[in-house]
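> Given the coordinates of chain A, assemble chain P onto it according to the supplied hints.
Protein sequences, first through last, are from chains A and P.
If you want the working numbering, it's the 1-based position in the first sequence plus 246.
If you want the working numbering, it's the 1-based position in the second sequence plus 36.
Please note that a few of the clues may not be correct.
[As the list claims (entries may be wrong)] Derived DSBU-like pairs (lysine-lysine); straight-line CA-CA distance at most 35 Å:
#	chain 1	residue 1	chain 2	residue 2
1	P	K220	P	K163
2	P	K220	P	K110
3	P	K171	P	K66
4	A	K641	A	K623
5	A	K349	A	K641
6	A	K484	P	K89
7	A	K484	P	K110
8	A	K655	A	K366
9	A	K349	A	K437
10	P	K163	A	K484
11	A	K429	P	K220
12	A	K327	A	K641
[Unchecked claim] In silico negatives: residues of chain P with every beta carbon more than 10 Å from chain A:
#	residue
13	T53
14	T93
15	G165
16	D172
17	L218
18	A259
19	T264
20	P266
Please keep in mind that the hints were generated in silico from the structure rather than gathered at the bench.
From the three backbone atoms N, C-alpha and C, an ideal C-beta is built for every residue, glycine too.
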Amino acid sequence: MNMPENDKENLAMVTCTGPVNIAVIKYFVIDIESGGKRDEDLILPINSSLSVTLHQDQLKTTTTIACSRNLQQDRIWLNGKEEDISNPRLQSCLQEIRRFARKRRNTGDSTSDVSSVSHKVHICSVNNFPTAAGLASSASGYACLVYTLAQLFGVEREQLSAVARQGSGSACRSLYGGFVQWKLGERSDGKDSLAEQVESESHWPELRVLVLVVSAEQKSVGSTFGMHTSVETSQLLKYRADVVVPSRMEEMIRVIRERDFPAFGELTMKDSNQFHAICLDTYPPIFYLNHISHRIISLVHRYNQYYGETRVAYTFDAGPNAVIYTLEDHLPEFVQVVRHFFPPEVNGAEFVKGLSVCSTDLSEELKRNINMEPMPKGIHYIISTKAGPGPCVVKDPNHHLLGADGLPKKSAVSH
Amino acid sequence: MNMPENDKENLAMVTCTGPVNIAVIKYWGKRDEDLILPINSSLSVTLHQDQLKTTTTIACSRNLQQDRIWLNGKEEDISNPRLQSCLQEMYTLAQLFGVEREQLSAVARQGSGSACRSLYGGFVQWKLGERSDGKDSLAEQVESESHWPELRVLVLVVSVSAEQKSVGSTFGMHTSVETSQLLKYRADVVVPSRMEEMIRVIRERDFPAFGELTMKDSNQFHAICLDTYPPIFYLNHISHRIISLVHRYNQYYGETRVSASNTIKYSEI
Numbered sequence: 247m248n249m250p251e252n253d254k255e256n257l258a259m260v261t262c263t264g265p266v267n268i269a270v271i272k273y274f275v276i277d278i279e280s281g282g283k284r285d286e287d288l289i290l291p292i293n294s295s296l297s298v299t300l301h302q303d304q305l306k307t308t309t310t311i312a313c314s315r316n317l318q319q320d321r322i323w324l325n326g327k328e329e330d331i332s333n334p335r336l337q338s339c340l341q342e343i344r345r346f347a348r349k350r351r352n353t354g355d356s357t358s359d360v361s362s363v364s365h366k367v368h369i370c371s372v373n374n375f376p377t378a379a380g381l382a383s384s385a386s387g388y389a390c391l392v393y394t395l396a397q398l399f400g401v402e403r404e405q406l407s408a409v410a411r412q413g414s415g416s417a418c419r420s421l422y423g424g425f426v427q428w429k430l431g432e433r434s435d436g437k438d439s440l441a442e443q444v445e446s447e448s449h450w451p452e453l454r455v456l457v458l459v460v461s462a463e464q465k466s467v468g469s470t471f472g473m474h475t476s477v478e479t480s481q482l483l484k485y486r487a488d489v490v491v492p493s494r495m496e497e498m499i500r501v502i503r504e505r506d507f508p509a510f511g512e513l514t515m516k517d518s519n520q521f522h523a524i525c526l527d528t529y530p531p532i533f534y535l536n537h538i539s540h541r542i543i544s545l546v547h548r549y550n551q552y553y554g555e556t557r558v559a560y561t562f563d564a565g566p567n568a569v570i571y572t573l574e575d576h577l578p579e580f581v582q583v584v585r586h587f588f589p590p591e592v593n594g595a596e597f598v599k600g601l602s603v604c605s606t607d608l609s610e611e612l613k614r615n616i617n618m619e620p621m622p623k624g625i626h627y628i629i630s631t632k633a634g635p636g637p638c639v640v641k642d643p644n645h646h647l648l649g650a651d652g653l654p655k656k657s658a659v660s661h
Numbered sequence: 037m038n039m040p041e042n043d044k045e046n047l048a049m050v051t052c053t054g055p056v057n058i059a060v061i062k063y064w065g066k067r068d069e070d071l072i073l074p075i076n077s078s079l080s081v082t083l084h085q086d087q088l089k090t091t092t093t094i095a096c097s098r099n100l101q102q103d104r105i106w107l108n109g110k111e112e113d114i115s116n117p118r119l120q121s122c123l124q125e126m127y128t129l130a131q132l133f134g135v136e137r138e139q140l141s142a143v144a145r146q147g148s149g150s151a152c153r154s155l156y157g158g159f160v161q162w163k164l165g166e167r168s169d170g171k172d173s174l175a176e177q178v179e180s181e182s183h184w185p186e187l188r189v190l191v192l193v194v195s196v197s198a199e200q201k202s203v204g205s206t207f208g209m210h211t212s213v214e215t216s217q218l219l220k221y222r223a224d225v226v227v228p229s230r231m232e233e234m235i236r237v238i239r240e241r242d243f244p245a246f247g248e249l250t251m252k253d254s255n256q257f258h259a260i261c262l263d264t265y266p267p268i269f270y271l272n273h274i275s276h277r278i279i280s281l282v283h284r285y286n287q288y289y290g291e292t293r294v295s296a297s298n299t300i301k302y303s304e305i
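With the rest of the complex left out, here is chain A (with noise of 0.2 Å):
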């Protein structure tokens, strides 16, 4: 474990970098509290679920935390932003740090001078991509917050998921990379209610994302009723819980293992499509595909059925963002499929970010066999990536987020 910098004012300091994951199958994240957990107090899932791990070269939040006796309360900085630190979820992911890193140390378990758990802490933290792209950006917030927490206080990592799980459910699975499940565990105390690697990023090589942000001016409705929505008001959900994601868990594993890109990625499909079918059978029903979601599903099906195998595959979050899976091979062609069918802005920033992609040209046969009316600007960019690993600390001081001061550095804006 690293030592924190210590300097004149003895403020120990740590910054590191967590990565944002996606589920390919999905656990129940509503924005409200209740949804799809068996005990509120403890974020418990009421399903194991299993995501993909995305690069940090191209989407990462960096976290970095101060800590010193000098240090009046705890403070919070997001993305350039002074937030309210009393907020529950933040609250109780400090609480848990602390008391795991007092448990420690009154087992004598502790090796060395890490920080009193006692001293106030100033957290500072970024994300390299923006809050408009939709990413749940709380599940890498959260993973890099904790780990960050336990670097500076000596706690190990496995004990983390209990932790990251107080502040956002999905974030425990940020805490691995490549391929990460959150088992359901059985416990009420959710003790083994844990995260853990499946396969390292390594594995799958080939393997390739692209997030498809789709524009901002169109918005789904119907997300926000302004009212309670309980996912626990949907019959099937229980179903779907106890019966068709064991069985899709165990599947899924094994064609991860295997790299049998058809079958990940018709399961992805499909646990995607369930998803949203159970927000849908929710009361109010909750809608999060818009109908540029709605197209960009049209277009993955049409485009494996021109080639008679599933060569893409979608998956769709709690917004009308695009998550797509394929293989290195097929990624030139299907990112052009996507900029002919939602063509771009003209003059507009870059439209694949992130990894590059090399060009190709279409068949006419194969747009002829699409057959579908191109949607001007309803992509706004791709972010093209893979996976990639679990959290890591910046050891270059210059990367730190807040200064001398314990105070956020100028630069520490969001992009």
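Frame of chain A, contents of chain P only:
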């Protein structure tokens, strides 16, 4: 039964009108494709023919060369299997005896499943049945049209863009049966208790309960369509806004005053 008119050519002719029905507990999925037997019961409201109806005239004579059919001004293919099925059944029944309405369920069903519900007015259920030969899969009236005079229906006809080609119901429900893991659970567990509840709330004229159950079943139908592979989208962004509007309106009053049930855009003959 009416005697058909006879004119100089010995052409017998009868004209009837028939209503549209809108399901509040939805039928979606068959257990037998040939006999058109459903995987779950369904219940509908028959709409008034003053606003919506089909008018059909049938002429019959030894002088006619072949069966022919015109729909909405255009001659159609008489060899359509469902049409043929209905015609065969009718001839058979007619041979035996004068056909009573109760026997028509089975015949209408073979044309289009939900057609059997349009054989009655008011509130009509189409019972699942247990027999594999479908002889007990019949429509029956739950309450007549005069049972709930305060109930009103608005059909909101939504603009559909040319792009939005919907999946036909026959193919759609077949794909759902084949691919949706949630559908069997709906049919076996959810619908039976919803049918009982729906019959009860209609009998009691309990609008808030009727309204809520209707919306839930409409949503679940569309959920099943989404759980189909490939997924089927019948609701568009306008449908979503209507649903949103209804919920916000009801929320404003703190009670279910308005209910919505979304139907598919096409159904086949």
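> Next step is simple, just say for each hint if it's right about the structure.
We went through each hint and held it up to the structure:
{"no.": "1", "hint": "P:K220 to P:K163", "verdict": "holds, 17 Å"}
{"no.": "2", "hint": "P:K220 to P:K110", "verdict": "violated, 39 Å"}
{"no.": "3", "hint": "P:K171 to P:K66", "verdict": "holds, 15 Å"}
{"no.": "4", "hint": "A:K641 to A:K623", "verdict": "violated, 41 Å"}
{"no.": "5", "hint": "A:K349 to A:K641", "verdict": "holds, 27 Å"}
{"no.": "6", "hint": "A:K484 to P:K89", "verdict": "violated, 42 Å"}
{"no.": "7", "hint": "A:K484 to P:K110", "verdict": "violated, 49 Å"}
{"no.": "8", "hint": "A:K655 to A:K366", "verdict": "holds, 19 Å"}
{"no.": "9", "hint": "A:K349 to A:K437", "verdict": "holds, 16 Å"}
{"no.": "10", "hint": "P:K163 to A:K484", "verdict": "holds, 27 Å"}
{"no.": "11", "hint": "A:K429 to P:K220", "verdict": "holds, 27 Å"}
{"no.": "12", "hint": "A:K327 to A:K641", "verdict": "holds, 25 Å"}
{"no.": "13", "hint": "T53", "verdict": "holds, 36 Å"}
{"no.": "14", "hint": "T93", "verdict": "holds, 40 Å"}
{"no.": "15", "hint": "G165", "verdict": "holds, 24 Å"}
{"no.": "16", "hint": "D172", "verdict": "holds, 27 Å"}
{"no.": "17", "hint": "L218", "verdict": "violated, 5 Å"}
{"no.": "18", "hint": "A259", "verdict": "violated, 4 Å"}
{"no.": "19", "hint": "T264", "verdict": "violated, 8 Å"}
{"no.": "20", "hint": "P266", "verdict": "violated, 5 Å"}
The structure is inconsistent with the numbered hints 2, 4, 6, 7, 17, 18, 19, 20, although it conforms to all the rest.
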